[in-house]
Amino acid sequence: MAIDAATVRKVARLARIAEPEARIEALAQELNGIMQWIEQLAEVDTDGVEPMTSAVAATLPLRDDVVTMGGDASLVTANAPKSLDGFFVVPKVVE
Amino acid sequence: MSALTSLTLKAALDGLKAKSFSAVELTQAHIDAVEAARPLNAFLLETPVKALEMAVLSDARYATGTAGPLDGAPLGIKDLFATQGVRTTAASKILDPFVPPYESTVTSQLWRDGAVMLGKLNLDEFAMGSSNETSAFGPVINPWRKGGSNQALTPGGSSGGSAAAVAADLCLGATATDTGGSIRQPAAFTGTVGIKPTYGRCSRWGVVAFASSLDQAGPIAKTVEDAAILLTSMAGHDPKDSTSLNVEVPDFAAFVGNSVKGLRIGVPKEYRVDGMPPEIEKLWADGVAWLKEAGCEIVEVSLPHTKYALPAYYIVAPAEASSNLARYDGMRYGRRAQGGNLTEVYENTRAEGFGDEVKRRILIGTYVLSAGYYDAYYLKAQKVRRKIADDFDRAWERCDALLTPTAPSAAFGLGENTNDPIAMYLNDVFTVTTNLAGLPSMSVPAGLDANGLPLGLQIIGRALDEGTVFSVAGALEKAAGFRSKADKWW
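Line by line, the protein sequences are chains F and G. Throughout the first sequence, residue numbering follows this note's numbering, covering 11 to 105 in sequence. Throughout the second sequence, residue numbering follows this note's numbering, covering 86 to 575 in sequence.
Treat the hints with caution; some may be incorrect.
Each computed DSS-like pair below joins lysine-lysine, with the alpha-carbon atoms no more than 27 Å apart [as the list claims (entries may be wrong)]:
1. G:K354 to G:K178
2. G:K178 to F:K20
3. G:K563 to G:K95
4. G:K377 to G:K563
5. G:K367 to G:K570
6. F:K92 to G:K178
7. G:K367 to G:K95
8. G:K95 to F:K102
9. G:K135 to G:K104
If you want the footprint, here are the derived chain G segments under chain F, 3+ residues with CB under 8 Å [stated by the list, open to error]:
10. 280–291
11. 419–426
12. 434–445
13. 464–477
Taking CB as the label site, the calculated pair distances span [stated by the list, open to error]:
14. G:S105 to F:K92: 21 to 31 Å
15. G:P335 to F:A68: 18 to 28 Å
16. F:E53 to G:D505: 19 to 29 Å
17. G:A339 to F:D74: 30 to 40 Å
18. F:V77 to G:G537: 49 to 59 Å
19. G:A339 to F:V99: 16 to 26 Å
Hints in this document: simulated from the structure, not taken from any laboratory. Fair warning: this is a prediction, and the values are worked out from it, not measured in the lab. For every residue, glycine included, the Cβ atom is placed at its ideal position computed from N, Cα and C.
Could you build the full structure based on these sequences and the hints that come with them?
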């Protein structure tokens, strides 16, 4: 299941990280090294094993669907790179 | 004022209660120590004005007899905890600048109990690293050096700033977080005490997320008792974190000093790994002998899936990280790069904002979660994780706690492991198992190697049985008699 340059380009696009073409080969090698080391998991017989989804068994708590904190647009947008009148200002989404 | 900074947290709190010195005096002594220790690069942000304001309020509460359990104690805060009105970076450029409008639950409980904030501590970027070298602000330097050498050593990671600050007497204790060993390995590398409690003990609310099913907060402290005092304040149920456990928090300090007579201590044979320095083998044997002398029964146990813990971790953690870090898109907070269209803005923002190790893990996480691979990697890893947890469950039939080394080596030189990601990942070989299983585990300094560098032993307990872990840690601390400090060179 080797990771080639095309896979790196695809994964970088999925992850929304611009990787310069000059880095792609080196990244493929790095990721391959790590994934090959991970392949040893195939040795473990996991037939019929229930995947573990949380460290301590607990049922998810429910709460009333009400605003607990929030309702202050100025606080919510305080760290925005660009905002106006309590709104986020973002690049054009629809051309 | 150096006498005040050399106090343990417990001794300082006793001194404040007895009015031997004021919270302002204690805080000023630590502010001076922090300033003098800038060559260590432990603090990303010093908050001396805030610290003194808090100390003045502490003194007022002591005067009126309304002081809390941590009143006037100057602490350092790992810069992964959101602090209201105080810059929080996660040691990443992508968040710069970010000033949280809210306070993390863990830190809010420390302030509730009267603690004083000295500033924000350096770490690996988004807590991803074992040497502090992935910090966008440069690595922390370990206060410890090899005898006769000026080589800069790593304090470990990711909580390297927390560990170095405590080791160098810059604060009486520090908050830290542990996803694969990030509290315990730095504690071992700096001769300090660190505990990762049971998953769910401390609220994750307001802690910058790395891998949500593994992340836990805990303290780094000078002594086992200090760690217990801090954890008692930090822990507790929080409705804002759906994985926070609704269980009572005992007074953990009450367990320190308890007799360990009759406790069964498991020694897992799989933790004897190839290439482990003989000094660590010997330290482990010393630890076994000390506990035997204290009346423990020693049993050899087997945790057969230990060697699969790291590879499983390097699927689960990057997968969760790639999801958690998707939020850094340059739209709502942090920095935004330029680009010709929206996708380019996202891609450039994340390319410029994240460091190489963070990108590497996001790419691995994205890959293992991508279409067609989910079952082969993520699901497989979660099944192996179950087997690792089952190993521990079987061990608990025969013992009450486990004793292992904390890390496979002493602190290494900065730059020594940076070219080989897997060699760096192996630092967590003894610690990562308990993150996967959610168990409490603690590192206690137990000796020095031939170069004069500290080494740690790890105690692992049953879920929610931090009490036994503290009792065993207290017994080890007493037997080891570890009192060494780094020679001050900064």
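**Report entry** 27 Å Cα cutoff - pair K367 (chain G), K95 (chain G)
**Finding:** Outside the cut-off at roughly 31 Å; violated.
Query raised in the report: Taking only the CA atoms, is the gap from K377 (chain G) to K563 (chain G) under or equal to 27 Å?
Result: holds (13 Å)
Query raised in the report: Taking the beta carbons of A339 (chain G) and V99 (chain F), is their distance inside 16 to 26 Å?
Result: violated (54 Å)
Report task. Quickly compare the C-alpha distance for K178 (chain G) and K20 (chain F) to 27 Å and report which way the hint goes. Result -> holds (25 Å)
Report task. Could you say whether the range 19 to 29 Å given as a hint is met by the Cβ separation of E53 (chain F) and D505 (chain G)? Result -> holds (23 Å)
Query raised in the report: According to a criterion of three or more residues whose C-beta lies within less than 8 Å of a C-beta of chain F, is the stretch 434–445 of chain G covered?
Result: Coverage by chain F holds for the stretch 434–445 of chain G (5 residues, Cβ < 8 Å).
Query raised in the report: In this structure, is the beta-carbon distance linking V77 (chain F) and G537 (chain G) contained in 49 to 59 Å?
Result: holds (57 Å)
Query raised in the report: Holds or violated: are the alpha carbons of K135 (chain G) and K104 (chain G) at most 27 Å from each other?
Result: Since the Cα atoms of K135 (chain G) and K104 (chain G) sit roughly 22 Å apart, the hinted pair holds (cutoff 27 Å).
Query raised in the report: Are 3 or more residues of the stretch 280–291 of chain G near chain F, judged by a Cβ distance of less than 8 Å?
Result: Since 3 is at least three, the answer is holds.
**Report entry** 8 Å C-beta criterion, at least three residues: is the stretch 464–477 of chain G covered by chain F
**Finding:** This one holds; 10 residues, not fewer than the three required, reach chain F with a Cβ under 8 Å.
Query raised in the report: Can the restraint linking K367 (chain G) and K570 (chain G) be considered satisfied, given a maximum Cα separation of 27 Å?
Result: holds (21 Å)
Query raised in the report: Regarding the pair K92 (chain F) and K178 (chain G), is the alpha-carbon distance no greater than 27 Å?
Result: Holds, because 17 Å separates the two Cα atoms, which is no more than 27 Å.
In the structure shown, a violation is registered for the earlier hints numbered 1, 7, 8, 14 and 19, in ascending order.
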